[in-house]
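Novice: Take the sequence shown: its position 91, counting from 1, is numbered 91 in the UniProt record's numbering, and each next residue is one higher.
Worth flagging that the hints you see were computed from the coordinates, not collected in a lab. One or more hints might be untrue.
Said to hold, decoys possible - Pairs of lysine-lysine, DSSO-like flavour, derived with a Cα cap of 27 Å:
| id | residue 1 | residue 2 |
| --- | --- | --- |
| 1 | Lys330 | Lys314 |
| 2 | Lys314 | Lys324 |
| 3 | Lys314 | Lys206 |
| 4 | Lys326 | Lys314 |
Unchecked claim - Here are the computed distance ranges between Cβ atoms for each label pair:
| id | residue 1 | residue 2 | range |
| --- | --- | --- | --- |
| 5 | Arg265 | Leu186 | 35 to 45 Å |
| 6 | Ile299 | Ala272 | 14 to 24 Å |
| 7 | Leu186 | Ser260 | 31 to 41 Å |
| 8 | Phe255 | Ile300 | 15 to 25 Å |
| 9 | Ala237 | Phe263 | 27 to 37 Å |
| 10 | Glu266 | Leu186 | 34 to 44 Å |
| 11 | Leu186 | Val262 | 38 to 48 Å |
| 12 | Pro188 | Gly220 | 34 to 44 Å |
| 13 | Ala237 | Glu327 | 18 to 28 Å |
| 14 | Glu266 | Arg321 | 27 to 37 Å |
| 15 | Pro188 | Phe263 | 29 to 39 Å |
| 16 | Arg305 | Glu213 | 30 to 40 Å |
| 17 | Asp267 | Leu186 | 37 to 47 Å |
Since this is a predicted model, take the numbers as computed values, not measurements. Virtual Cβ for every residue (Gly too), placed ideally from N, Cα, C.
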Amino acid sequence: MLRYHLTRDHADVQTSWRVENGLPQYTFHLPEPVPAEDSESEEEEEDLVEEPSAVPESSDGELEYLDPPPEPPSPSHSPPDSPVISRSRTPAAVEAAQKQRHPSPMQVDESDTGVDTTSPFSRAHTTTSTSATTLAAAPSQTLSVIPKHEYEEAVLPREATPRKSPPRTPRTGLSAAGELVPPPVLNPLGPAAEPPLESCRPGGPKIYDLLNELPLEPYGVLEWTIVDREEEIFEFADVLDEDKVMMALWNRWIFFNRVSFVFNREDGTCRAGVQRFIDANYAMIHRAAGWAALRAFLIILTGNRFINIRDVLKLLDHYDRLVKRKEWYK
Numbered sequence: 001m002l003r004y005h006l007t008r009d010h011a012d013v014q015t016s017w018r019v020e021n022g023l024p025q026y027t028f029h030l031p032e033p034v035p036a037e038d039s040e041s042e043e044e045e046e047d048l049v050e051e052p053s054a055v056p057e058s059s060d061g062e063l064e065y066l067d068p069p070p071e072p073p074s075p076s077h078s079p080p081d082s083p084v085i086s087r088s089r090t091p092a093a094v095e096a097a098q099k100q101r102h103p104s105p106m107q108v109d110e111s112d113t114g115v116d117t118t119s120p121f122s123r124a125h126t127t128t129s130t131s132a133t134t135l136a137a138a139p140s141q142t143l144s145v146i147p148k149h150e151y152e153e154a155v156l157p158r159e160a161t162p163r164k165s166p167p168r169t170p171r172t173g174l175s176a177a178g179e180l181v182p183p184p185v186l187n188p189l190g191p192a193a194e195p196p197l198e199s200c201r202p203g204g205p206k207i208y209d210l211l212n213e214l215p216l217e218p219y220g221v222l223e224w225t226i227v228d229r230e231e232e233i234f235e236f237a238d239v240l241d242e243d244k245v246m247m248a249l250w251n252r253w254i255f256f257n258r259v260s261f262v263f264n265r266e267d268g269t270c271r272a273g274v275q276r277f278i279d280a281n282y283a284m285i286h287r288a289a290g291w292a293a294l295r296a297f298l299i300i301l302t303g304n305r306f307i308n309i310r311d312v313l314k315l316l317d318h319y320d321r322l323v324k325r326k327e328w329y330k
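Starting from the given sequences, assemble the full structure and let the hints guide the process.
Specialist: The structure is reproduced here in structure tokens:
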């Protein structure tokens, strides 16, 4: 066991075994320690003691020195364009320049900064910082300064007071006295009512909203059929609003007069029934549909063979007398 330990961990130790006086004895041979070389340690200590700032003398007896920080200029002199970092001078000139230096508020105290002034990098940093301070201390031109908030108030435009436009009276086709008003001059065949109109419809007021002025009480419990049918008519996409008004008015009238309209014919036509329809609804036709919409509706009835073209002309003439068309625009 001992031999294995020495062989593995202490290979430089030699052992011997012998028997003396009947007793076994072990002898261990340890290697002698190698003495350290004193000469090499002494040379390393001498290298550490040497000053790193030693500068070899030049051949012409002059040394390379750095300029000291320049003196702050008086207000009457302009600062130098760029500081000179290094120049070849004699030691005597350097000492004289350092004696002439005097402390001023624009210079940096090297003792407080804790920087080694013997290093060329520290001298260059001090010279540059002093020159920058001197440039900052130079007199500047007079500038007019405006506070930020005052400038913003001066730039912001004055808000214009919104003009109050006079309220427009809705043109419903009726005067204050309840008489029919002629349609606009630019559209004499159209409805007499024109925007702005008053309505609670989500999509905005429509000309057929004037139908809400007509009563629904005559229809009793079946008034929902009239309302549903009108909503279907108003959803037609390819139909003008004036034509929708004519279809809704006819749907209300034919609800009570379907039998009399079909069986009471004169000269083989239903002109009398259509004339009764115009007599009952000419005011709303004038306000919300117009002469052109009435003409188009009569032509549709002609296509369905309820009336003929001669009946259309007679019915339009009858409508003109009801709305007093000859008295318009006088």
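Novice: All hints, please: hold or fail.
Specialist: Hint by hint, here is what the structure shows:
no. : hint                           : result
1   : Lys330 with Lys314             : holds, 25 Å
2   : Lys314 with Lys324             : holds, 15 Å
3   : Lys314 with Lys206             : violated, 31 Å
4   : Lys326 with Lys314             : holds, 16 Å
5   : Arg265 with Leu186: 35 to 45 Å : holds, 40 Å
6   : Ile299 with Ala272: 14 to 24 Å : holds, 19 Å
7   : Leu186 with Ser260: 31 to 41 Å : holds, 40 Å
8   : Phe255 with Ile300: 15 to 25 Å : holds, 18 Å
9   : Ala237 with Phe263: 27 to 37 Å : holds, 36 Å
10  : Glu266 with Leu186: 34 to 44 Å : holds, 39 Å
11  : Leu186 with Val262: 38 to 48 Å : holds, 40 Å
12  : Pro188 with Gly220: 34 to 44 Å : holds, 39 Å
13  : Ala237 with Glu327: 18 to 28 Å : violated, 38 Å
14  : Glu266 with Arg321: 27 to 37 Å : violated, 19 Å
15  : Pro188 with Phe263: 29 to 39 Å : holds, 37 Å
16  : Arg305 with Glu213: 30 to 40 Å : holds, 33 Å
17  : Asp267 with Leu186: 37 to 47 Å : holds, 39 Å
Against the hints set out earlier in the document, violations occur for numbers 3, 13 and 14.
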